[in-house]
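Peer 1: Residue strings, one per chain:
Protein chains: 2
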Amino acid sequence: MRTSSKQSELVVGLNIPAEIGMDLSEVATPALIIELDAFERNVATLRERLAVAGVRLRAHSKTHKSVDIAHYQIDHGGACGICCQKVAEAEVMVAGGIADVMVSNQVVDPNKIARLAQLAKHARVLVCVDDLQNVDDLSAAATAQHANIECLVEIDCGAGRCGVQSSEAALEIAQKIESCTGLSFAGIQAYQGAAQHVRDYAERRGKIGAATGIAADTLALLTENDLDCAIVAGAGTGSYPFEAASGVYNEMQCGSYIFMDADYQRVLDAQGEYISEFVNSLFIWTSIMSKARQDDAICDAGLKVMSIDSGLPVVYGRDDVEYVGCSDEHGVIADPGDRLRLNDRLKLVPGHCDPTCNLHDWYVGIRNDKVECLWPVSARGMAF
Amino acid sequence: MRTSSKQSELVVGLNIPAEIGMDLSEVATPALIIELDAFERNVATLRERLAVAGVRLRAHSKTHKSVDIAHYQIDHGGACGICCQKVAEAEVMVAGGIADVMVSNQVVDPNKIARLAQLAKHARVLVCVDDLQNVDDLSAAATAQHANIECLVEIDCGAGRCGVQSSEAALEIAQKIESCTGLSFAGIQAYQGAAQHVRDYAERRGKIGAATGIAADTLALLTENDLDCAIVAGAGTGSYPFEAASGVYNEMQCGSYIFMDADYQRVLDAQGEYISEFVNSLFIWTSIMSKARQDDAICDAGLKVMSIDSGLPVVYGRDDVEYVGCSDEHGVIADPGDRLRLNDRLKLVPGHCDPTCNLHDWYVGIRNDKVECLWPVSARGMAF
Numbered sequence: 001m002r003t004s005s006k007q008s009e010l011v012v013g014l015n016i017p018a019e020i021g022m023d024l025s026e027v028a029t030p031a032l033i034i035e036l037d038a039f040e041r042n043v044a045t046l047r048e049r050l051a052v053a054g055v056r057l058r059a060h061s062k063t064h065k066s067v068d069i070a071h072y073q074i075d076h077g078g079a080c081g082i083c084c085q086k087v088a089e090a091e092v093m094v095a096g097g098i099a100d101v102m103v104s105n106q107v108v109d110p111n112k113i114a115r116l117a118q119l120a121k122h123a124r125v126l127v128c129v130d131d132l133q134n135v136d137d138l139s140a141a142a143t144a145q146h147a148n149i150e151c152l153v154e155i156d157c158g159a160g161r162c163g164v165q166s167s168e169a170a171l172e173i174a175q176k177i178e179s180c181t182g183l184s185f186a187g188i189q190a191y192q193g194a195a196q197h198v199r200d201y202a203e204r205r206g207k208i209g210a211a212t213g214i215a216a217d218t219l220a221l222l223t224e225n226d227l228d229c230a231i232v233a234g235a236g237t238g239s240y241p242f243e244a245a246s247g248v249y250n251e252m253q254c255g256s257y258i259f260m261d262a263d264y265q266r267v268l269d270a271q272g273e274y275i276s277e278f279v280n281s282l283f284i285w286t287s288i289m290s291k292a293r294q295d296d297a298i299c300d301a302g303l304k305v306m307s308i309d310s311g312l313p314v315v316y317g318r319d320d321v322e323y324v325g326c327s328d329e330h331g332v333i334a335d336p337g338d339r340l341r342l343n344d345r346l347k348l349v350p351g352h353c354d355p356t357c358n359l360h361d362w363y364v365g366i367r368n369d370k371v372e373c374l375w376p377v378s379a380r381g382m383a384f
Numbered sequence: 385m386r387t388s389s390k391q392s393e394l395v396v397g398l399n400i401p402a403e404i405g406m407d408l409s410e411v412a413t414p415a416l417i418i419e420l421d422a423f424e425r426n427v428a429t430l431r432e433r434l435a436v437a438g439v440r441l442r443a444h445s446k447t448h449k450s451v452d453i454a455h456y457q458i459d460h461g462g463a464c465g466i467c468c469q470k471v472a473e474a475e476v477m478v479a480g481g482i483a484d485v486m487v488s489n490q491v492v493d494p495n496k497i498a499r500l501a502q503l504a505k506h507a508r509v510l511v512c513v514d515d516l517q518n519v520d521d522l523s524a525a526a527t528a529q530h531a532n533i534e535c536l537v538e539i540d541c542g543a544g545r546c547g548v549q550s551s552e553a554a555l556e557i558a559q560k561i562e563s564c565t566g567l568s569f570a571g572i573q574a575y576q577g578a579a580q581h582v583r584d585y586a587e588r589r590g591k592i593g594a595a596t597g598i599a600a601d602t603l604a605l606l607t608e609n610d611l612d613c614a615i616v617a618g619a620g621t622g623s624y625p626f627e628a629a630s631g632v633y634n635e636m637q638c639g640s641y642i643f644m645d646a647d648y649q650r651v652l653d654a655q656g657e658y659i660s661e662f663v664n665s666l667f668i669w670t671s672i673m674s675k676a677r678q679d680d681a682i683c684d685a686g687l688k689v690m691s692i693d694s695g696l697p698v699v700y701g702r703d704d705v706e707y708v709g710c711s712d713e714h715g716v717i718a719d720p721g722d723r724l725r726l727n728d729r730l731k732l733v734p735g736h737c738d739p740t741c742n743l744h745d746w747y748v749g750i751r752n753d754k755v756e757c758l759w760p761v762s763a764r765g766m767a768f
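As you go down the protein sequences, you meet chains A and B in turn.
Per my numbering, the very first residue in the first sequence carries number 1; after that it's consecutive.
Per my numbering, the very first residue in the second sequence carries number 385; after that it's consecutive.
Some hints could be false.
Reference listing, derived: stretches of chain A covered by chain B, where coverage requires no fewer than 3 residues with Cβ under 8 Å from a Cβ of chain B [unchecked claim]:
1) 83–91
2) 140–147
3) 157–164
4) 245–253
5) 357–367
Keep in mind the hints are simulated off the structure, nothing from the lab.
Because the structure is a prediction, the values reported are computed rather than measured.
Ideal placement from N, C-alpha and C gives every residue a C-beta, glycine not left out.
Chain A on its own, in the form it takes in the complex (with noise of 0.2 Å):
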């Protein structure tokens, strides 16, 4: 019906919504955007909090999935590496030049172990382990491909996921991995991802404070046991504090810190604010597309570019309007005094960073209302 040639003349493109230099407001909707003054103050944040307290970070790229962030945390944010939940988002970190990756996660399947295998010949790999079986089939693997991946036992501290129910079955798996070719021991993954948004300090503080006993307690009967636990890593955005203050903690896997979203900043300090030390810096950038009533406005923001499973969005900056309704390709934003108008912008912060940005293809990079610079979401989507 068409003829060819007309249709060769159409460009799809990259789905990139920006260029370089542009002003903000040329930025096509909806798009992830990142304040980068913000993004950079709360890399040093972190850094000099750590620093303080002295221990490391191995930053969770699993909030970002970015080579470019990635590196910037190593550069400039005072991480020794960093973390990966995924076997697909570590190849993509390890070809991005990452030389020091963890899967903060288990690796049970054949395949996948076999491609862990592989990637510990081009960079420094660790991995989770709560099973036994799980020691041999990885020894058999790293072994196959003379590589060496180190192992941390992950314990249950509380979140009710993965991770082994006592310290004598993490003895039990550290000693074994301890025996095998392949592999090294290299300590104790101990998150507690179920306390990160508890909102009442108290309470969070808690959860954490019963983890660390659990920990302390593995670490303890490990030592006994002549193994050397070089790591005992864990905690969040929301909890870190807590951990790096503990004496048994020494690597914390913070991810969020570098944007926030909505949600952790329902989350309470010591004196019932709200964590303050991080501001938001990340954003979708909306437009309006429908203003058929007086009442309230449709921008282009939907489930299709954030995730609402931990609230919706926040229109940021603006007190006049709400976002109160989310739909797949929508968002209908109450607008009482009938002050918005078709194409007019509004930054949202999402409800949750890790799985809205998961959602895009790129993040615009935006200071003094410029865009400075473009960084691919390298592992999005990146799942098994």
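Could you slot chain B onto chain A? The hints should help.
Peer 2: Then chain B, alone, in the frame of chain A:
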């Protein structure tokens, strides 16, 4: 630290979880799989039902974002064309050879309007309008491109999202469209999105009855004023029998019917049964990655491979286990009988198909437990 020659050995792939001919058991997890027999049956079922009703299908590609599936719906499913929600989706579809595309949404940004006008040189392009100024802007762009854009007036028939609030407002916009160069008036968009997932049959019928009344009133006023509505469009998988039988609507915009999801299967028909004419064809293929406790298991499918905005996924074909908790990269599977083991595979029916598909790069097409095809999610992430 590592030599670049070593790094260059790394092959970071296209994120394809399978190869054609592979057994399903070998597909990397988590992956998005289509059971092709079920998919084809769904496509045939709607084709037959709409043929009997004597209405057209303009299948909604926002569900699948796949050029391959769009072609299949046109070639085998009776579709006269497709709907998209975004200009970027429409660009992908037209570049992929789809010749008849409606953007069932407002396009008001100047750059997007220019892209839409450009696209209209390569395919039949339709768009929805609910604002007078937008008509001028579309006309200017289409005229500059020597193109024609077909415009539908969108009316709000109960969803409270986009669309004008009265028949008189619709008439004013329709007359303006008819008077503008570069545009032609195509009819009415009257989609009641808020009715699609209403569980109760009578309540759902009531909402569509009200929407049909609004559409009929607008249709009558436009017809009285010599405006021919070639298209009266709306309907989705949850409500199409009502619109198809209404005598008012003539073009159905169903999307989810090809896949179904856990939420649509909570919608009841007249007999109080779940909507029964369509079957589950879309699944998240997942595996057990941690089994450190008797009563539950951890699978590798979380928020980053499926959207839980409409509820948690359902484990398909098993009543002995249940998906009870979802975090970014993990799912908690209650396993009261302690039946699951590491590397066991499960099929999950996602809670909401559209935003789930948008998280993946590939559909893995399965027939008789073999990989038959790999379809890219061509317009994944195309949000602007």
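Peer 1: Determine for every hint whether it applies to the structure shown.
Peer 2: Checked hints:
1. 83–91: holds (count 4)
2. 140–147: violated (count 0)
3. 157–164: With 5 residues close enough to chain B, the hint holds.
4. 245–253: violated (count 0)
5. 357–367: Per the Cβ count (4), the hint holds.
The structure is inconsistent with the numbered hints 2, 4, although it conforms to all the rest.
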